[in-house]
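**Student:** Guided by the hints, dock chain U onto chain X, whose structure is given.
As given, the protein sequences belong to chains X and U, one line each in that order.
With the numbering used here, letter number 74 in the first sequence gets 74, and the count goes up by one each step, no holes.
With the numbering used here, letter number 393 in the second sequence gets 393, and the count goes up by one each step, no holes.
Hints may contain errors.
SDA-like cross-link-like pairs, simulated, lysine to any residue; straight-line CA separation at most 20 Å [said to hold, decoys possible]:
#1 U:LYS325 with X:ARG16
#2 U:LYS413 with X:ASN17
#3 X:LYS139 with X:SER123
#4 U:LYS413 with X:SER123
Hints listed in this document are in silico derivations from the structure and should not be mistaken for laboratory results.
Here's the letter readout for the chains.
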Amino acid sequence: MSNADIYHEMIIDYSRNPLNFGELENPDATYHDSNPLCGDSIDIDLKIDDNKISNIKFHGKGCAICMACTSILTELTKGKDIEEVKKFSKNDVLSELGLEHLQAVRIKCALLSLKVLKYALYSYLGKHLKDKADVDKLKEEAAALY
Amino acid sequence: MQSTEISLENIRKDFPILERKVGDNKSLIYLDNASTTQKPKQVIDSIINYYNNYNANIHRAVYSLAQEATDAYEKTRDKIVKFLNIPKREEVIFVRGTTEAINLVAYAWGRKNIEKNDIIVTTEYEHHSNIVPWQLLASEKGARLEYIGIDDDGELILDQLDKYLATGKVKLVTFSLMSNVLGTISDIDTIMSKCKKAGVKTLIDGAQAVPHMKVDIQKLGCDFFAFSAHKMLGPTGIGILWVRKDILENMNPFHGGGDMIREVHKYETTWNDLPYKFEAGTPNIADVIGFGAAIDYLSSIGMDKVREHEIELTKYALEKLSKVKGIKIYGTKDISKRGGVISFNFADIHPHDVAQIVDEDGIAVRSGHHCAQVLMERLDVAATSRASFYIYNNKEDVDALVNSLEKVARIFKL
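In isolation and in its complexed conformation, chain X is listed as follows:
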């Protein structure tokens, strides 16, 4: 995949004007993580009503790939059932931006926010659900993203 393909209009636009950027007051779940190799740093806040993600915001710093992917992910997540969000895979994010063949060195930039989202959800479910196996599975998935 050549660089010209990666840095297409959508990526540049989303990185310049990220969607759902900011913080939520009294979020039901919140999580932070960073990418130790390149310093991308993302916080995600969630509002959860009726097992639905009723609102989501993120803030942090990152490269264009990271910011664009986080923008897209927050759009994908908003309004969805928890069950649906739990099933999000890396290709759900990458394909939205045509990044399926992103080089290995940049994949962490692209998937950091998915990891943060899954951990946020895990921390919420850990508090609210009895089904520990379910929570563990989500945690494992998040850890195995890249």
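**Tutor:** Quick look at chain U alone, frame taken from chain X:
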């Protein structure tokens, strides 16, 4: 080899990798020399020659091959002694690199000499390898780690050193001779005179300096000195720790094992002579030999010429790059105080995106925190882009980088 002088003008032909194409058939423009340098064929050939013709373990067997391998290995030690004007050859210890060298000091000297409430002083522009080993030691011993800060030109604020020394608790001052991010060359005379007056031990991280300028260990006057081969045309996985002999004699071993012993009995062991006491196990023989070839190569150019070339190139690059709209260059403008390392940020574009786009033009620059997160915090940035030069770089390389940055600006609609 050492008698034939190598001229910088036609040096590029010695580096096979510079002939390769990257991406869309673009010539490689390698500007990540602070990270690791490319290797001339003389170095590569010396390693191949060892494996093809005299591969054997050293210091033990008596057959010809082992003799030849031992001779070649030990010859590198002599070359290093000469290259850095080291007083005694038994003070030169082969290690894996600067990181291992500093860890060795923290372990073998630090554990014996650092006590509760002692202070170890480092600086804000250190590489993680000159921070983390001291954090580990300090937390084990209940000692304190303190930092000499940097000013807005990227130079150390040495008054802060006075403050620490005045406590009477400082046992070690450890600092880089040249910053791997800002290129700042530390004010060695001032630091050393302060430390000597206070009777404090000093460790110098020479990983960035030794490849790029003439270094004379006796003139420096420090107690510990560390550097790596791979940043000076040599192979990865080999480096040097130099320790003043009277200190080395009183240090505990680092690793126990073969070659570092004199006699081993069931419950006690006596140690081998210096430096072998600190070289346990079969060492990295091939790469030590390759390191020797790298020193020959640099010696035949002359380190003063290397520095001259880099001053000229860095001056040119600073001038050209500072004209790129939206660029912020870190560190001092005073070329006499900086090496060929230029860290910069480009408008609000993340350094990873800059590095990836210029890569399409065959240009290799580093992006990230450069193993210097304490410095990134001080500069209040997550990362920077960094171009760093060596003997095979030229003004055309700088021009290519500048052109490519203009392309980044177009893509990001600056």
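**Student:** Now tell me if each hint is right for this structure.
**Tutor:** Going through the hints against the structure:
no. : hint                   : result
1   : U:LYS325 with X:ARG16  : holds (18 Å)
2   : U:LYS413 with X:ASN17  : holds (13 Å)
3   : X:LYS139 with X:SER123 : holds (9 Å)
4   : U:LYS413 with X:SER123 : violated (40 Å)
In this structure, the one hint that does not hold is number 4.
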